[in-house]
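**Student:** Add chain P to chain W, keeping to what the hints say.
Protein chains in written order, with my numbering: chain W, 1 to 395; chain P, 1 to 612.
No wet-lab data here; the hints were simulated from the structure.
Errors might be hidden in some of the hints.
To be verified - Mimicking DSS-like on lysine-lysine, the simulated pairs with C-alpha atoms at most 27 Å apart in a straight line are:
1) LYS211/W <-> LYS335/P
2) LYS213/W <-> LYS196/P
3) LYS213/W <-> LYS277/P
4) LYS335/P <-> LYS277/P
5) LYS342/W <-> LYS361/W
Note that the structure is predicted; figures quoted are calculated from it, not measured.
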Amino acid sequence: MRRRRVLTALGTGAVAAVAGCIGDGDDSEDGGDNGTPESSETATPEATPEDNETATPEGTDEETEDSGSTTDGEAPTLTIGTYSAFLDAPSISPGGWLKEQFESEYDATIEWEAPENEINHYIERQSQGVSIDADLYVGINTDELVRIDEKLDDSLFIEAGEIPGSDNIRDGLSFDPSGRALPFDTGYVSPVYDSTQMEAPETFEGLLDEKYKGSLIAQNPGTSTTGRAFLLHTIDHFGEDSYLDFWSDLQDNGVQILGSWSDAYTAWEEGEAPMVVSYSTDQVFAEQAGDDLAKHQIQFLNDEGYANPEGMTIFNGADDPGLAREFMSFVLQPDIQGEIAKQNVAFPATDDATLPDGYNKLAKEPSNPVTLSYEQLQGSLEDWIEAWERQFISN
Amino acid sequence: MDSDEHNGADERTQQRQRLRSAGAHLRDTVDRWAFTAFGLGTLVLLIVVFYYPVATVFIEAVVVDGQATLSVFVEILQDPFYFGELARLFSGESPLAVASDLLSSDRRLGIVGFTAYQAFLSTVVSVVLGVPAAYLLARYEFPGRRTLRSLTILPFVLPSIMVGVGFVATFGESGPLNSALSAIGLPTLDFMFTLKAIVIAHAFYNAPLVARITTAAWESVDASAVETARSLGASPFRAFRDVVAPQLYPAVLMGAALTFVFTFGTFPIVLALGGFKFATVEVFVYRLVQDLDYAEAAGLAIIELAISLSILYAYLRYEARQSMDSRGAQPLSRKPLRPPSLSARSLLPRAGLAVYALVAFVVFVLPLVSMIVASFTDAGGFTFSNYQFLLERQAEGAAFQVQPWPAVRNSLLFGLGSLAVALPVGVVVAVLTTRDFRGRKVVDAAAMAPLSVSGVIVGIGVLRGLVFGVELGETRIAVGGALAIVAAHAVAGYPFVVRTVAPGLENLDEQLVESARALGASRTRALLDIELPLVWPGVVAGAAFAFAISIGEFSSTVILATGTDQFTMPIAIERFIGRRLGPATAMGVVLLLVTSASFVVIDRLGGEHRGL
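Pulled out of the complex, with its shape left as it was, chain W reads as follows (with noise of 0.2 Å):
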């Protein structure tokens, strides 16, 4: 009897859901995720007292000091949208820090979003014909905006404009012909190993010796930002016709394709193998968990490493796009360039930027870096990154 009476209640408790799940939907026919109360409450510092008396819902707690909703005044809301480690990434997160600098020189409140397909996310709505609330986008890169720009017919971005700063961007880092990303940052991909258990190649060559068989980790392209970069890096290397012969050629010497960065970067932790493809400032990271740093070098193939710059782009039907502009002219700055390399563990876009003394000394930049432009990615990628794919399950 006992049973049947929770059986009930358990009964009426889905029809509950169901109903409930609709009426919910119908709260937010924006569609959006922004509709809700908890998503639009943001931590603003300077909001009055007064603005305290929207209802915080228990557990989004105390430390996000107050909820005062900013938008019946005259603070207008910037909604930027980026990818999650951007913003909670305890090792890579500058969102936080950035927010709070915005919003302590302007009369704006910053909201971030970090949908889980990214920018992808947008491309959907995009192409389903659902609005776009966000204003910004924080973080995309070449070949994303080549995705963009092969899949939509409408544009998702509108160009920048004229941004101060931007003339101090560094050469070689603009990757939009249009103008309407600009990089706020870039990283450069390259091995990483252990020279407590080898030497490590010089060159691209260097890498098919018999000595470093199994020596290698590095990830799918297709999956994986490192692995896409060290596949690119090749094709800028050896050219679209060669670069499938080197693979091959790599294959036979036993290169072992992860997944992802982290699981590629777990096994060579764990010495699968000791070199691994990764980021150029990984003796940064290794340095703040109290490494060996003889265990954590990095080595420039042919002296190259393969910039691949992140941008900031203003999305078309933005609320207002002169305070987008202003973040990112604000983020050119020199010491937010500087600050935002260092959070976000990468270097600055500009040439101007003001970094720490010995910031080179971990973080290390190729004497070359080099990156494929938009107009080479084009048309050309994804059959790139196929050829490659099929070459490699078949050997």
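**Tutor:** Okay, now just chain P, sitting in the frame of chain W:
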């Protein structure tokens, strides 16, 4: 009852009978309506949070540029990259030529063929590692048995990133296994980057599934049937073979079928431990979706689904044929684990279990221990810093960041909520599909679809179908937030309830229910008071699975959540991954602890079934 015949003396009796039967009829009607209404509610739920969202993606495989077409499938089927030698068959080559090439040593399996091959191997190993655990848990009594039983399905909820860390640390070149092997002078195992690594990781995930389902079936075996067989002169072996085993086969095969389906749709773990040379179908579905090649991605996912569903359908046909009448209920008594005598008959099975325990320790326990060790280790050795990070994030985290405690709380709330939905839904679907009607096994297989559809596709479908919603006139109806998450989890979890409850219901002696009905019990009452108690171990196992599915669910949750305050533990783990895995592993250990405690509680609340 519509006879016009008049018989004065019996008039009253007849009238009373008429009244009684009218009352029974009314009750039956209400009862049937309640069942039907609940069935319809289930159908609506399934359509809204599963079939419709998935359809919004699948349609892209058959409608390209506004034209209905099958060309996407034709292209995939004829591509040797996907189908190996079979592709030539689809291209119209002679079956004989293809068959002879398939037998040659340098045959190409293609991605689909390889995926099926590794799923087959994983299934065999999962069954081999799962069944002895069921034997131990169902037949022996020892301290901690119930806790161990409730913890069996723990691996099921672990994110692949955790399993990857645990496995590399355990089985890697410098791991404890190889250190132990070389210490006793044995050759070390080359484990990483091999098919072995993938198969054993799949067994880590799925052997517990086989074990849990088989344990439930074993605990439902009626002891009196065995006693009858023994009293009729059957040897213990004979009694096992003729009475017990036939009741276990369906459970073992179901575990095997589900394992095949899960490992057929496997994704991140394959690339984490084996590498790209072992890429499966789902790897390409994911990559194609990333590149927005929806037509090919959907086509591939539909083929994947068709293969999975045909395996499940084949199993369901088998399950239906296995039907036997059981009055269930008096479970076999358990033997002490300590051998009662030193005879070979009591020592041999226990020695076998000791060997099994050693293997199980290496495959299941060591990786878990390695995960915990990893969370307490950095370059300098022992550290609390990863846990310190969790505390700091809890105290100082901003609204746009994931905080540990809300993640724990949400996981538990969503888990309980979806359990509350999945359990009744699963039981009703089990009752409906064990009724006799034409094509019921097809319906049953379709009801299993949430287990077999590519997770990547479900994610996109949920985004399109629910978060974006549909435009009706001027308004856009969209679904998101906590209730939608609970609904999505329930839909993902209820098939387990069906699968653990249906076989028991099917095997119940129909006369039991009929007698109850004749005595005036309504259909619902017969279900709740007679049938469910008889299959209770299955209900508890199904509940544990439904809860586990909810705890482990990632792709729908992260898309349906309206803010970081609705994120769950697996999402927190993923979001804490930066360039060092420490903080994520600490969150993983939190997940491990919270989930373990929950499983023990569910199992205790479910009670130890002792029959009627």
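**Student:** Taking the earlier hints as the rules, which of them does this structure contradict?
**Tutor:** Hints 1, 4 are the ones this structure does not satisfy, whereas the remaining hints hold.
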